[in-house]
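Here the protein sequences come in this chain order: S and D.
First residue of the first sequence? That's 5 in the working numbering, and the numbers climb one at a time after it.
First residue of the second sequence? That's 79 in the working numbering, and the numbers climb one at a time after it.
Think of the hints as simulated: they come from the structure by calculation, not from any bench.
Hints should not be assumed to be uniformly reliable.
[What the hints assert, rightly or not] Partner residues aside, some chain S positions facing chain D, computed with beta carbon under 8 angstroms: (1) M281; (2) E297; (3) P323; (4) G325.
Please read these numbers as outputs of a predicted model, since none were measured by experiment.
Ideal placement from N, C-alpha and C gives every residue a C-beta, glycine not left out.
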Amino acid sequence: MLHNSEKDFIKRHIGLSKKEEKTMLSDLGYKSLNELIEDTVPNKILFKDLLSIGDPNSEYEGLRKLKSISKKNQIFSNFIGMGYYGTYTPNVIVRNILENPGWYTSYTPYQPEVAQGRLEMLLNFQQMIIDFTGMDIANASLLDEGTAAAEAMGLSHRLDKKDNKIVFISNDCHPQTIEVVKTRSEPLGLKVVIGNDEDLSNISEDIICGILQYPGTLGDIKDPSEKRKIIPICIDEEFALDIERVSKNTNLNIKEVYKHILNKDFYCYMTGFVAGMPFLGDTNKNIRLKRLETPRVKVPKGSVGITEQFCNIYTYESPGGWNIIGNTPVKIFDKNKEENPILIKPGDSVQFYEITKNEFYKIKE
Amino acid sequence: MSIEVIRPGLNTTFQDRGRLNFYHLGIPFSGAMDTRNFLITNKLVGNDQNDAVIEFALQGPKLKIKQNNINCVVTGNVNFTFKKNSKIYNGECYKTFDLNNNDEIDIISTNNSMYGYFSISGGFKIEKKWNSYSTHLRSNLGPNKGNKIVGNDLLQLNKKVKSIIKKRVDYSNTKIEFIRVIKGTNFDYFSKESQKSFFESQYQVTNLTDRMGMRLDGNKLNNIKSENIKSEGLIKGVIQVPPDGKPIIMLSDHGTIGGYPKIGVIISADYDKIVQLPPMSKIKFKMIDVTSAEKLFKLYSMETKIILDQI
Numbered sequence: 005m006l007h008n009s010e011k012d013f014i015k016r017h018i019g020l021s022k023k024e025e026k027t028m029l030s031d032l033g034y035k036s037l038n039e040l041i042e043d044t045v046p047n048k049i050l051f052k053d054l055l056s057i058g059d060p061n062s063e064y065e066g067l068r069k070l071k072s073i074s075k076k077n078q079i080f081s082n083f084i085g086m087g088y089y090g091t092y093t094p095n096v097i098v099r100n101i102l103e104n105p106g107w108y109t110s111y112t113p114y115q116p117e118v119a120q121g122r123l124e125m126l127l128n129f130q131q132m133i134i135d136f137t138g139m140d141i142a143n144a145s146l147l148d149e150g151t152a153a154a155e156a157m158g159l160s161h162r163l164d165k166k167d168n169k170i171v172f173i174s175n176d177c178h179p180q181t182i183e184v185v186k187t188r189s190e191p192l193g194l195k196v197v198i199g200n201d202e203d204l205s206n207i208s209e210d211i212i213c214g215i216l217q218y219p220g221t222l223g224d225i226k227d228p229s230e231k232r233k234i235i236p237i238c239i240d241e242e243f244a245l246d247i248e249r250v251s252k253n254t255n256l257n258i259k260e261v262y263k264h265i266l267n268k269d270f271y272c273y274m275t276g277f278v279a280g281m282p283f284l285g286d287t288n289k290n291i292r293l294k295r296l297e298t299p300r301v302k303v304p305k306g307s308v309g310i311t312e313q314f315c316n317i318y319t320y321e322s323p324g325g326w327n328i329i330g331n332t333p334v335k336i337f338d339k340n341k342e343e344n345p346i347l348i349k350p351g352d353s354v355q356f357y358e359i360t361k362n363e364f365y366k367i368k369e
Numbered sequence: 079m080s081i082e083v084i085r086p087g088l089n090t091t092f093q094d095r096g097r098l099n100f101y102h103l104g105i106p107f108s109g110a111m112d113t114r115n116f117l118i119t120n121k122l123v124g125n126d127q128n129d130a131v132i133e134f135a136l137q138g139p140k141l142k143i144k145q146n147n148i149n150c151v152v153t154g155n156v157n158f159t160f161k162k163n164s165k166i167y168n169g170e171c172y173k174t175f176d177l178n179n180n181d182e183i184d185i186i187s188t189n190n191s192m193y194g195y196f197s198i199s200g201g202f203k204i205e206k207k208w209n210s211y212s213t214h215l216r217s218n219l220g221p222n223k224g225n226k227i228v229g230n231d232l233l234q235l236n237k238k239v240k241s242i243i244k245k246r247v248d249y250s251n252t253k254i255e256f257i258r259v260i261k262g263t264n265f266d267y268f269s270k271e272s273q274k275s276f277f278e279s280q281y282q283v284t285n286l287t288d289r290m291g292m293r294l295d296g297n298k299l300n301n302i303k304s305e306n307i308k309s310e311g312l313i314k315g316v317i318q319v320p321p322d323g324k325p326i327i328m329l330s331d332h333g334t335i336g337g338y339p340k341i342g343v344i345i346s347a348d349y350d351k352i353v354q355l356p357p358m359s360k361i362k363f364k365m366i367d368v369t370s371a372e373k374l375f376k377l378y379s380m381e382t383k384i385i386l387d388q389i
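Turn these sequences into a full structure, and let the hints steer you where they fit.
See the structure below:
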């Protein structure tokens, strides 16, 4: 199967045509290539037999042979931990990324193609991490974890315009990572501060970067980005426009309704509709109602509404069809915060607590 | 170097082509409602195609010019007059005219339409908010601190442009018989009869219409599946149907997320037309497929380009 294409390939990519060869040889005054070689290569080192490397293999055969060799490996579970974990790579990833023939067969099978393939794989991976986490930037490399962390530190240092000297590293990182970072910080003249994740916010000086690890070195999963937002709401009847109807339609008395709202953890799924409005959930099954038959033309700013399994906060006066059960004096969307106008971001956890009308107006001021 | 606002009009704001990249926070694109007229306005006064213009609805502003040699234009279907050297002239849309210090322009009303545009050569001296001159009143974003233009405001102008070329274009805002829509993602939520009557009966634009949305009155659409869906993203032109069965069309300042079923979406080629329908207008919908909608939009954009090229 490969025979013809192989010839083709050689013709296209390697060496000269017969005609060119002839011209060159006649210029040099030789009749054949062998004559030229015999004349130039010392007889002692001239290789006269054929190379004993056998026939070429097809891709399939090659892979099969390599696999049969690698089968001789005995693979045991390891329990080293701290960065050395067993992994499972799904076949679809193996075929399309790691062993994608595109990396090593296309054009010519020489090293830069492989490097290019590896680069593309890394780019895809880090883009996927950005998509998954919502981070502004992510990086992947084939370096070991410690060196990767040190490289990241170096990058932050180079980009740091204020020439700060302090690097924070969480003691939840692998010990080897901490050691590498310590070593690499020396020639840069940086000071490494090691502490708990929580200590990061207690550092008063400017830092170059903070290095956290997820999951932690002992495998514990914390979420360093998770910020619990505690939002005060007033549930006075002046604000709770729909509470009577909610109470009636859910067959719960008003107190029972609020039991399901106040001091409960909600998760922010998304923001939108009006600027910065958080969609929080899930509410208890017993207080899930539909939207209003005809949406209100004006829902007051700060209103807290419920519908289906969600609560939300109307960050601005707007039309809306949710069942309004309270109002918060807190500014959820602040356009003057150029970089970060929203208080509650997707992924945050939010809890409401009750305040009196007096407190409401006080905060509002 | 300014223009004094004697009367602001009903809903007068600065707009450009819209504010991109903030949908995830709940901030819609906004921008001029009628894109074609917006583009024509900028082209006529020789400004950049994304420069800010003044958009007004129904009743426009009355302005007093505080500078000599202002080259300005009004577009849309608009009745206006201007006072030059104490003489009053009837204004003509799509034709630039110049005014001097203490001259006045009185944009009396739009004529059987909603929005009109006013701009001057060189443009207004205003600041971008998040890379746009568009005003989004709901979240107070944009020039003028995100507010409407109000009486006694002084609108600052950019530096005077040196050469002013008088320009005009023949353009009339035509009405179309049908507003064309493609099927919405929840089209099957409505009974067969309602699907039919949506396209056969007439709907009336109610007075609950603004830059955010347009509520319609007409045959009640019968939802047979679920009156609510999980809240999801919206685009302008989407027709949502709340449980009362009366469609609401999402317009440029719409909420970015909605939880009412969507029966259809106004095609982009007809968007400039639908926003111009004043309350009490009667409309009829016609269903077309996505491929035709795309073709029509290409055609519409080409048409716009031809008009702009004439200027």
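- Query: In ascending order, which of the hints set out earlier in this document are inconsistent with the structure?
  - Reply: Result: no hint breaks.
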